Structure formats: C-alpha cells, structure tokens
Amino acid sequence: MIVEIVDVIDPGQVYTELSHPNSGGSCVFVGAVREFTNNEEVTALEFETYKTMALKEMEKIAAEATEKWKLNKEVIRHAVGKKAVEEPVVVVGASSAHRDACFEACRYLIDTLKERVPIWKKEIFKNKTVWISAHP
Amino acid sequence: MIVEIVDVIDPGQVYTELSHPNSGGSCVFVGAVREFTNNEEVTALEFETYKTMALKEMEKIAAEATEKWKLNKEVIRHAVGKKAVEEPVVVVGASSAHRDACFEACRYLIDTLKERVPIWKKEIFKNKTVWISAHP
Amino acid sequence: MEVLLFGIAKDIVGESSFRFDEGDVVPKSVSELKQKLKNTFPDLGKLSSLAVAVNSEYANDEKGLSQGDEIAIIPPVSGG
Amino acid sequence: MEVLLFGIAKDIVGESSFRFDEGDVVPKSVSELKQKLKNTFPDLGKLSSLAVAVNSEYANDEKGLSQGDEIAIIPPVSGG
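Chains as they are written, first to last, in the UniProt record's numbering: chain A, 1 to 136; chain B, 1 to 136; chain C, 1 to 80; chain D, 1 to 80.
Calculated cross-link-like contacts (lysine-lysine; reagent style DSS-like; alpha-carbon spacing at most 25 Å):
| no. | chain 1 | residue 1 | chain 2 | residue 2 |
| --- | --- | --- | --- | --- |
| 1 | A | Lys-56 | A | Lys-82 |
| 2 | A | Lys-68 | A | Lys-114 |
| 3 | A | Lys-114 | A | Lys-82 |
| 4 | B | Lys-126 | C | Lys-10 |
| 5 | C | Lys-10 | B | Lys-114 |
| 6 | D | Lys-46 | A | Lys-128 |
| 7 | D | Lys-10 | A | Lys-82 |
| 8 | B | Lys-73 | B | Lys-51 |
| 9 | B | Lys-73 | A | Lys-114 |
| 10 | C | Lys-10 | C | Lys-38 |
Hints in this document: simulated from the structure, not taken from any laboratory. Just so it is clear, the structure is predicted and the values come from calculations on it, not from any experiment.
Bound conformation, chain A alone (with noise of 0.2 Å):
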C-alpha cells in the first residue's frame, strides 16, 4: 500500500506500483487541472494539505477498501503547491484477481478522498482566487 503527498505526480509509474502476480487488472484514477470551470479560464490551481492528518486518513481509506475489496495493491498519491492546467494532482488506484474489485475500490479510493482527506484547493483565475467547496 502507497500513500503519499508529494510535489510532482508522474501517473506513468503507478502501473508499476500495482503489478502484482495475482493481479489481473489494475484501475488507476488520475485527477487533472482543467482550464474551465464555469466557463472561467482557470490560470491554475493551488493545493495546500494539512500533511500528517492528511496521510493518516488516506491511509485509513486505503485500509477501508483492503476490508471491503480483496485487493493486492492499493496506491493514493496526492500533490501539492501550484498545479498548471492538463498536470496531474491525484493518482489513486488498485489491483486485484478480477476487475471488480479494482474497479470498485478505485472510486472509493476518490470519493472518500475528496470527502474526507484535508487538501484545500484554490482556484486561480485572472482577477481572483477562490477557495473550492468553502462556501455552500
């Protein structure tokens, strides 16, 4: 089980790290910067973490999906600083006998990073910044 925050993601190394002899298949999800929201050009986007909580409860969620899913190989891998548009800030993925279960565990692995793992996204547009989700 990988569980990491870091200041570059490269996607390309996941495969690697979920490989195992009685995985069949793997399913990886990657989360990009995208250049619109809301029809706003996005300059970029700006992720600060409160780090030793933040593993704590990835490791947690990646715990949750061993127990829900049976799985060889877990991988949770978020960044952080300043991301421009098209790079990667998230890799999450899993690999099992059967694709199932990867893929099952892969979507848990994002949803429940995205409700419970404190990372605070801010978007950069030309004139603002706007912190994502804080207001309702």
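Model the placement of chains B, C and D on the given structure of chain A, informed by the hints.
Just chains B, C and D, lined up with the frame of chain A:
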C-alpha cells in the same frame, strides 16, 4: 481516439494520451497475466486476433462510448503474442471533465471488448494449453 | 470463397483457412456455412458459441454469402 | 494549546496558527472552541462546514481538549 493492436504494451504512456485541457479526470484499466487460474499455475498466455475485424470492433466500441458519455479522449490497446505473468495484455481508458463519465466509460470499454472483439486467449500450463471460454 | 479460422476453430479444423472453389457446393448463407462446418467437424458444434464474420463484421444467420466475401469463423472470444 | 489553521480558515483569521496561553480562557471542548472562533471571526460561521481535528484525527463536538493537544481547524476539504 487511439485504437491499436500491438506486440508490447507500455501502460505508462496512456496517461499522456488521455491528457486534455478540459479533462478533470482519466480512468484507466490495465489487464495483466495472473499467475494462477483455479489454483493451477499459468506459465504464459498467448493471444491471437483477427486484426482487421478486431480494430473495426474496437473503433465501434470507442464510438459507442463517445455517444453514451461526454469524453475528451479514449484509448483501447490490446497486445498479441505470448505474455508472461504480470505482463500487461490490454489497456483501456477515457478522460472527461468529471469523473463519473470516465469511470463508466472505462468500464464499458473493457466489458464490451471482452464480449465482442475477436481476440482469443490460450492459457499455457506446464502440461497443457486451454483456449479460454471455448467450452460451456 | 476464403474462410479464415481462429483460436480453437483453427485447432479443430487443423488449418488457418480453407477455400470453397468453383467445383464445390458453396454455402449460400451464414447458417448453411455453419451447418456444413458442424457436419464436417462435430467438435465445432460443442463450442459455447460459434459466430461468423463477413467482410470483418459479425453476420447473422440469414446473411447471404458471395464468392468475393472474406468469411471468418469466430469461436468464443476471450480478449482482455 | 496550539491551533492550526488551513485553507480559507487561515485567510479569515489571517494567521496559520495561534495559541491559547496560560492566562487565556482555554476552551474545554471542540464545541466551545468552535463557538469561540465563530464569535471572534463571524466569517467562519458562513462556511459550508467547519470541522476540528484533535491530534490529527477528526473530533466530534463533545471531544474534550487538553493543553498538550494539537488542534486544527478544518474548513470544507476539496482535494482531488
């Protein structure tokens, strides 16, 4: 849209292929050779294909996914020949603005590929070879 | 009319393709072709499914066959 | 008792952390801390949610606070 049949798959390249300024998420599935089937040790898998038709079917499947979901990029790539344990044999993926679409499309791509694309897999054990799914 | 064989169908027939030539009784439809093959090679009838492609597209049983068509016998697929 | 601030909570308070020292009235529970903060910084009350972590674990309102705890104010998270 990338649709290919190749000798060797490099799963690391697929993320770059799915990257797009309007894609907030990419979902990728990699299928690989498992060491055991029903507790019997597999030495290798061997894949053969009816290439002209396989490429046509893969293109149809990618087009169907594009009709069902709002996707920015798609990849369907299958390997042929003899593959050892842990070697990748298939990679499918899609990228989209939001993650629902790419997860659902990715699942559709691999499920439908397995149902329709004329590719045949032979399991090579120590003392026998078996064409998969050939018999009821 | 050339008929391509793949996977276990190739192993059962023992060839990767065969031809119906001028002198042969050429099957006029997909169902006729399937019947002819199953009669000659009973093991083909024991497969979980047997599909036929005409010019690299799946064809239903009613599909007519012409001399110039590329025909393929598609045993149960198992890619991925 | 040190309180860490993140994201928009840091911007509202204008600091990345602050301390309750010996002379201060130290909040005895998570709910007391939240109430105190919302009174001093009304904009914290306008957020979609406001959680508190004690020693890097989410804590409910009833959770008691001790002088040595590391407290963190967790505005709505938005990773991924």
